[in-house]
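Kindly produce the complete structure, drawing on both the sequences and the hints.
Heads up: the sequence shown begins at 964 in this note's numbering, then just goes up one per residue.
Keep in mind that a hint or two might mislead.
What follows is a set of in silico ranges between Cβ atoms, one per label pair, in the way DEER data are often shown [said to hold, decoys possible]: (1) E986 with E1182: 27 to 33 Å; (2) Q974 with R1252: 42 to 48 Å; (3) D1048 with G1021: 14 to 20 Å; (4) D1248 with R1111: 15 to 21 Å; (5) R1190 with W1284: 31 to 37 Å; (6) L989 with D1131: 50 to 56 Å; (7) G1021 with L997: 21 to 27 Å; (8) R1242 with E1173: 29 to 35 Å.
Derived by calculation from the structure, the hints in this document are not laboratory data.
The C-beta atom is built at its ideal place from N, Cα and C for all residues, glycine as well.
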Amino acid sequence: MPAASPEATSQELTIRPLTGPDELGLFLQLSYLLDDELAEDLESGRRRPGWMWVALRGERVVARIAWWSRDGDAPLLLDVFDLDDTLPRPEGEEAGLRLLETATAAVVPAGAPRPEYGRFVPPDWREDPATRESVEARIRVMERSGARMLVERLRLEWRAGTPVPPDDGRLRFRPVEGREDLLALMTAVMEGTLDAHGRADLASGLSAREAAENHYDEELALYATPREWWRIAELPDGAPVGFVIPARNDYNPVIAYIGVLPARRGHGYVDGILAEGTRLLAAQDGVDRIRAATDLGNAPMAASFARLGYAEFGRAFDMVWD
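Next comes the structure, spelled out in structure tokens:
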């Protein structure tokens, strides 16, 4: 994108939502890797024009912001926030902050918690000066609004044709037999968890059971794919070891959640559990890739994904408002 002209930067800033899907082209003046999904998201109701805002100088978009939802009823995630990186840093960040504050006040219901901000970035985003400055500019604006960094995550992908180890017989797998069957294990794996979101739930005062119930009800229960895919891993004598939740979200097959009970950690069982979830998804029609993510600080889980042939293709960070 060419550098902004003096005339463009001196014009009054206009902040407003899109008037309808026909203004998507205006929103696309700035770019981000989710752009290819926006039209379908609008059509499906996962986004609304009123949740997609722009900051304009004349006809030039200098910042944009958008929220996403699974069902369109209420914004669940702030996942698009872009600045015109050709503008001088103070001016660009000030426009972004004004857009963020104005749009949030209009989109997020009064008294409701602000949705988490999630951003996808290249795996080597710190190594390229221009990319690093672009990413850090968005972080600075979010921090000025009161947000804080929660976690950086690895984005991982298994591709069809990548070998998956056969079942080695150490574990046996059975389908989940209902909500309580899985919740009991989800509650147990909260002990000593390395997952930043789980740790944040516990730090907020939630019990392990409450945190597990929130995760189940707000994410796992909303997947439309069969719950018969969900697997609990047991030792040959029937003692539980862990579980894996293979699913398909609105865009990809995913390993939605995987956990190993505290007493079973450190024995290599996670590889067998991950392999089971991968085999199940890979056997479905038309699956050419499986996506997953794990916290950068969760070294044991990251190592297991690597052993199973999941390659890092990106990073993501999540920021929250307390």
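Tested hints:
{"no.": "1", "hint": "E986 with E1182: 27 to 33 Å", "result": "holds (31 Å)"}
{"no.": "2", "hint": "Q974 with R1252: 42 to 48 Å", "result": "holds (44 Å)"}
{"no.": "3", "hint": "D1048 with G1021: 14 to 20 Å", "result": "holds (18 Å)"}
{"no.": "4", "hint": "D1248 with R1111: 15 to 21 Å", "result": "violated (43 Å)"}
{"no.": "5", "hint": "R1190 with W1284: 31 to 37 Å", "result": "holds (33 Å)"}
{"no.": "6", "hint": "L989 with D1131: 50 to 56 Å", "result": "holds (55 Å)"}
{"no.": "7", "hint": "G1021 with L997: 21 to 27 Å", "result": "holds (26 Å)"}
{"no.": "8", "hint": "R1242 with E1173: 29 to 35 Å", "result": "holds (33 Å)"}
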